[in-house]
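Q: Residue-level listing of the chains:
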Amino acid sequence: MTADNTVKKLLIVDDSKVSRMLVRAQIVAVHPEWIISDASTGEEAIALVEKDPPDYCIMDINMPGILGTDAAEKILEKYPLIRIVIFSANIQETYQSRANALGGAFVAKPVSEKSIALALNHFKCPN
Amino acid sequence: MLTEMQRDALAEVFNIGAGRAASSISEIVGDEVKLSVPAIEVKKSTEISPEILALNDGKFGTVRQDFSGPFDAAAMLLFSEENALEIVRDMMGSQMSLDELAEFEQEAMCELGNIILNACLSAMADMLSISLNSSLPCYTISSCDEILYAITGNATQDYILVLNIALTSAKRQSQGHLMLLLSSASLTHLIRHVDRFLSGI
Chain A
1 MTADNTVKKL LIVDDSKVSR MLVRAQIVAV HPEWIISDAS TGEEAIALVE KDPPDYCIMD
61 INMPGILGTD AAEKILEKYP LIRIVIFSAN IQETYQSRAN ALGGAFVAKP VSEKSIALAL
121 NHFKCPN
Chain B
1 MLTEMQRDAL AEVFNIGAGR AASSISEIVG DEVKLSVPAI EVKKSTEISP EILALNDGKF
61 GTVRQDFSGP FDAAAMLLFS EENALEIVRD MMGSQMSLDE LAEFEQEAMC ELGNIILNAC
121 LSAMADMLSI SLNSSLPCYT ISSCDEILYA ITGNATQDYI LVLNIALTSA KRQSQGHLML
181 LLSSASLTHL IRHVDRFLSG I
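Just so you know, the sequences run in chain order A and B. Quick note: the first sequence, position 34, residue 34 per the numbering used here, numbers continuous. Quick note: the second sequence, position 65, residue 65 per the numbering used here, numbers continuous.
Simulated from the structure, these hints should not be mistaken for laboratory data. Positions of the beta carbon are idealized from the N, C-alpha and C atoms, including for glycine. Keep in mind that the hints are not guaranteed to be accurate.
20 Å max Cα-Cα, derived EDC-like pairs, lysine to aspartate or glutamate [as the list claims (entries may be wrong)]: (1) A:Lys124 - B:Asp72; (2) A:Lys114 - B:Glu103; (3) B:Lys34 - A:Glu77; (4) B:Lys34 - A:Glu50; (5) B:Lys171 - A:Glu50; (6) A:Lys17 - B:Glu103; (7) B:Lys59 - B:Glu103.
Calculated Cβ distances over 12 Å to all of chain B for the following chain A residues [to be verified]: (8) Thr6; (9) Asp14; (10) Val18; (11) Leu67; (12) Ala89; (13) Tyr95; (14) Phe123.
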């Protein structure tokens with residue numbers, strides 16, 4: 001893989017602060033130049049995207065308020081070029097299919113070098 | 001007793017465990033399983049009440065499994081008695097009569113409890129880089145009072161970590177609750193491991 005040092009904007013959406021910290025740490029280890037913001041609910045994520053659309057988004061499903069998949073759908077309706085990874089512990093087929101149907105990718109938690117590599121792979125692959 | 005970060009870390013650990021469990025259960029019962037956001041509270045045994053445990057007056061199918069390792073914990077999974085039978089029916093096939101279902105209830109609920117409780121505790125062990133051994137699951141039908149007595153009547157369980165995750169079957173609206181009981185010493189050990197995990201981020 002060739003090094004890609006382009007500065008990208010990533011939005012991490014997870015109600016768990018620990019989970020957001022873990023994702024951030026793994027991403028920064030690979031792409032220290034990226035600009036990372038985060039949100040703790042789907043609603044907050046939608047508001048942040050309206051203000052400053054990111055290139056990429058990592059979205060949990062099971063959060064207070066709307067489901068991450070619903071937030072992703074709303075975001076993609078308006079910003080179809082944002083690449084979204086649905087990143088969840090809820091690995092049921094229904095949720096994986098929903099992520100794929102939205103045009104996103106599903107990656108199973110926990111946060112690890114391997115799972116983050118899968119997310120990065122989805123971000124980098126061409127539309 | 002728990003800082004916001006410790007509570008957050010534990011909630012995330014159990015969220016991962018419950019997610020794995022929901023996937024397995026979904027395959028077993030052939031239905032989508034919805035998960036609530038985990039809620040975690042540490043309570044003195046003497047403060048435990050039906051309200052805190054989110055229990056009503058009915059009878060409950062209770063699967064209990066004991067875990068041991070760097071800390072000891074008793075994990076309990078509670079379903080209302082009617083929900084338990086419905087889940088067994090989904091597991092075993094709807095053509096069975098109620099009598100036949102009752103015959104399999106013990107075994108089926110132990111297996112279900114084994115999947116859910118082990119998924120949660122394994123997620124915790126993996127994330128905290130520890131190893132936990134588990135006893136065989138044990139299933140009983142208990143009233144709310146009997147459950148409270150089992151928790152508060154045991155002098156070694158000074159504190160109880162009440163973890164509440166609702167697993168709801170989309171078709172049946174069956175709901176289960178997960179509880180984890182730890183003694184004061186075990187809770188101190190658990191917190192130490194959580195802190196070690198947090199300092200490694």
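Q: None of the hints should be skipped; say for each whether it holds.
A: Comparing the hints with the structure gives:
This hinted pair does not check out: Lys124 (chain A) and Asp72 (chain B) have alpha carbons roughly 45 Å apart, beyond 20 Å. Of the pairs offered as hints, the one joining Lys114 (chain A) and Glu103 (chain B) is violated, with about 44 Å between alpha carbons and a cut-off of 20 Å exceeded. About 25 Å separates the Cα atoms of Lys34 (chain B) and Glu77 (chain A), which puts this hinted pair outside 20 Å; it is violated. For the proposed pair Lys34 (chain B) and Glu50 (chain A), the alpha carbon gap of about 29 Å is over 20 Å, so the pair is violated.
This hinted pair does not check out: Lys171 (chain B) and Glu50 (chain A) have alpha carbons roughly 36 Å apart, beyond 20 Å. Only pairs whose Cα atoms come within 20 Å are accepted, and Lys17 (chain A) paired with Glu103 (chain B) is rejected, the gap being roughly 45 Å. Pair hint Lys59 (chain B) plus Glu103 (chain B) holds up; C-alpha atoms about 18 Å apart against a cutoff of 20 Å. The Cβ of Thr6 (chain A) lies farther than 12 Å from every Cβ of chain B, with a closest approach of about 26 Å, so its non-interface assignment holds.
For Asp14 (chain A), the requirement that its beta carbon stay farther than 12 Å from each beta carbon of chain B is not met, with the minimum near 8 Å. The claim that Val18 (chain A) is not at the interface with chain B is violated, since a C-beta of that chain comes within 12 Å of its own (minimum 4 Å). Not every C-beta of chain B lies more than 12 Å from that of Leu67 (chain A), the closest at about 10 Å, which undercuts listing it as non-interface. Not every Cβ of chain B is farther than 12 Å from the Cβ of Ala89 (chain A); the closest lies at roughly 3 Å, contradicting the non-interface assignment.
Once the 12 Å rule is applied to beta carbons, Tyr95 (chain A) is inconsistent with being away from chain B; the minimum gap is 9 Å. Even its closest Cβ contact with chain B, about 22 Å, leaves Phe123 (chain A) beyond 12 Å, as expected for a residue assigned away from the interface.
Hints 1, 2, 3, 4, 5, 6, 9, 10, 11, 12, 13, counting from the list given before, are not met by this structure.
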